[in-house]
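A.B. asks: Protein sequence lines, in the order shown, are assigned to chains A and B. Just so you know, we're using the numbering used here here: the first sequence kicks off at 1 and counts up by one. Just so you know, we're using the numbering used here here: the second sequence kicks off at 1001 and counts up by one.
Calculated directly from the structure, the hints in this document are not laboratory data. From the three backbone atoms N, C-alpha and C, an ideal C-beta is built for every residue, glycine too. Treat each hint with caution, since some may be false.
Said to hold, decoys possible - Result set (EDC-like, lysine to aspartate or glutamate): computed pairs, CA atoms no more than 20 Å apart in a straight line:
1) A:K39 to A:D14
2) A:K322 to A:D301
3) A:K278 to B:E1233
4) A:K109 to A:E75
5) B:K1264 to B:E1307
6) B:K1112 to B:D1088
7) A:K202 to A:E222
8) B:K1264 to A:D275
9) B:K1278 to A:E233
10) A:K322 to A:E185
11) A:K264 to B:D1275
12) A:K297 to A:E197
Stated by the list, open to error - Facing chain B, from chain A, some residues (calculated, C-beta under 7 Å):
13) M53
14) T57
15) Y58
16) R196
17) L200
18) G220
19) A242
20) Q245
21) P254
22) R255
23) V263
Protein chains: 2
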Amino acid sequence: MSNQQVIIAELPTDSLEPRHFALQDVPMPQAGPNEVLLKVLLMSIDAANRSWMQGATYRAAVNAGDAMPTYAICEVVESNTSRVAVGDIVACEAVWANYITQPGHKVIKMPKVPTLSNLISVFGIAGKTAFHGLMTIGQPLAGETVLVSAAAGSVGGYVGQIAKALGCHVVGIAGGPDKCRWVVEALGFDACIDYREPGLTKALRRVCPGGVDVYFDNVGGEILESALFSMNERGRVVCCGAISQYDGGAPSGPRNLPGLVVVKRLRMEGFIVTDFVKDDAKATRALQHWVSTGQIKVFEDIVDGLENAPQALIGLLAGDNKGKRMVRVAPDPS
Amino acid sequence: MSNQQVIIAELPTDSLEPRHFALQDVPMPQAGPNEVLLKVLLMSIDAANRSWMQGATYRAAVNAGDAMPTYAICEVVESNTSRVAVGDIVACEAVWANYITQPGHKVIKMPKVPTLSNLISVFGIAGKTAFHGLMTIGQPLAGETVLVSAAAGSVGGYVGQIAKALGCHVVGIAGGPDKCRWVVEALGFDACIDYREPGLTKALRRVCPGGVDVYFDNVGGEILESALFSMNERGRVVCCGAISQYDGGAPSGPRNLPGLVVVKRLRMEGFIVTDFVKDDAKATRALQHWVSTGQIKVFEDIVDGLENAPQALIGLLAGDNKGKRMVRVAPDPS
């Protein structure tokens, strides 16, 4: 067994590039008392990876020389704890590597599911982020209009499908005509606007004639600004991410803020998926139900090979994924 | 009896100036069936007056040729309704004029108080806006830090005094050393920062060493941006106004938004005082209590004469008032 990891060779000051990463041979880690040795199977690739390189957020900053942190699905290879046994599948904080160790109390044993990747997509961070943000902060009602940016992305696709299942009018925003068509045809949104075309504010008015009640914001910047113009009184803005602001360039704030927040009595609220751990079982139950009825379709964008993780992240930031992106480091155990 | 009114002669495209207004002789209005003829005694002067000139908000836009709308305290001069009698003091929507008429159901009979101007300041829009915004949206707890911009203004001064009464650490932001001293010495804030000095973000860190839990935002713009940097996790931003954005110049949005809203899980929410009419009695009871204990001191900035209303508003936008600004159109009836 050999072990490799991907470290940050140099912190980016502008757009992320392959040269900011390095693949290294490292010694196989040793599981100490109460620890487990884990084989990394699947790593979640998230826009948040990039934001961690900008400084301390809800976690410590990632610095040059560090292995990139990640949420991962792993197989237990060696266990010095009674919590999990060899062969168990667990979810945990990991790094971009083949093997890692963790204290036994920091890994969560996963149910056996037919497709392990679902533990990262619909039943993992993506699905739970969509569910908790939409239900707890957005609180959409049947008949209301829900607008979702990064609609072809991992979270946005589930937000829209959940909102459809709840009886809402659902409009997406995505980049390019292909993605927009896919959002409508594959994910079942009522409409999808291409933000690369000029006139986003007008286009939103056309496809949301009754205004927007809930805007699920994954991007920030000018798209947030346009969305605010379309909001109805007492609308809710679910602040989930700001991908447009992570990867270089001067940040641009929505210029109509806070004016429109006052006039329309809007509520904007941020969250992190782990804030709602206590409701995770509820989320899983609902998501399983909608998957079983076909109201939620699962799309995954799996890149093979640890060495391809940097490019998978760079591509995600450029918007070239459809559905939840992840890296398969090792095949599912049979 | 003669009647005059102040109209908008020309809508401003940049800063408001006296030439945008005109004083006109107009006929004495006639009270029709179920209407009342009212003598305007006191008119509230608010930053919102300026925002109404920018287009439709929560009310129709104010246009050239219109008399400026205002909230006013009036004396009933003639009554064709059983709801109020001649000599009653009422609050209502009015315009900048000596006399107006209103349907009987649109005026609210006021209690007899020793000082009528208190019905516009602490027991009027200013006090109620402070109370409802702080209590319902800000929800401060004893020991938390409350930051208030436009702290020497009508609303901000009450926000800080209420927060002190609740046991909070209270910090103001105001323009110029005189106002800042007044906010601390007269209103009892723990500290007050002069936003005209460079280094607001650093200054906030110094006087709010534990971070800010509630920011009551009356101004928007760069001050909001600085405040967001100081917010604690799960902090609340009460969006009450955006005076910095009303009077000319290109709007500037907080560049750290929505990034910090996500990372810190902030909640930003706008409101208008009339949203909380159902809780007005509760507000009045609490404000009366704090005034009676001396925990709230009432400061009013009264300008005499209808003809001086334009300058009173222009000065308010430039920040030259301490406490609630109003115009006395006619003396209190004895």
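A.B. asks: Looking back at the hints listed earlier, which ones does the structure fail to meet?
C.D. replies: 1, 5, 12, 13, 16 and 17
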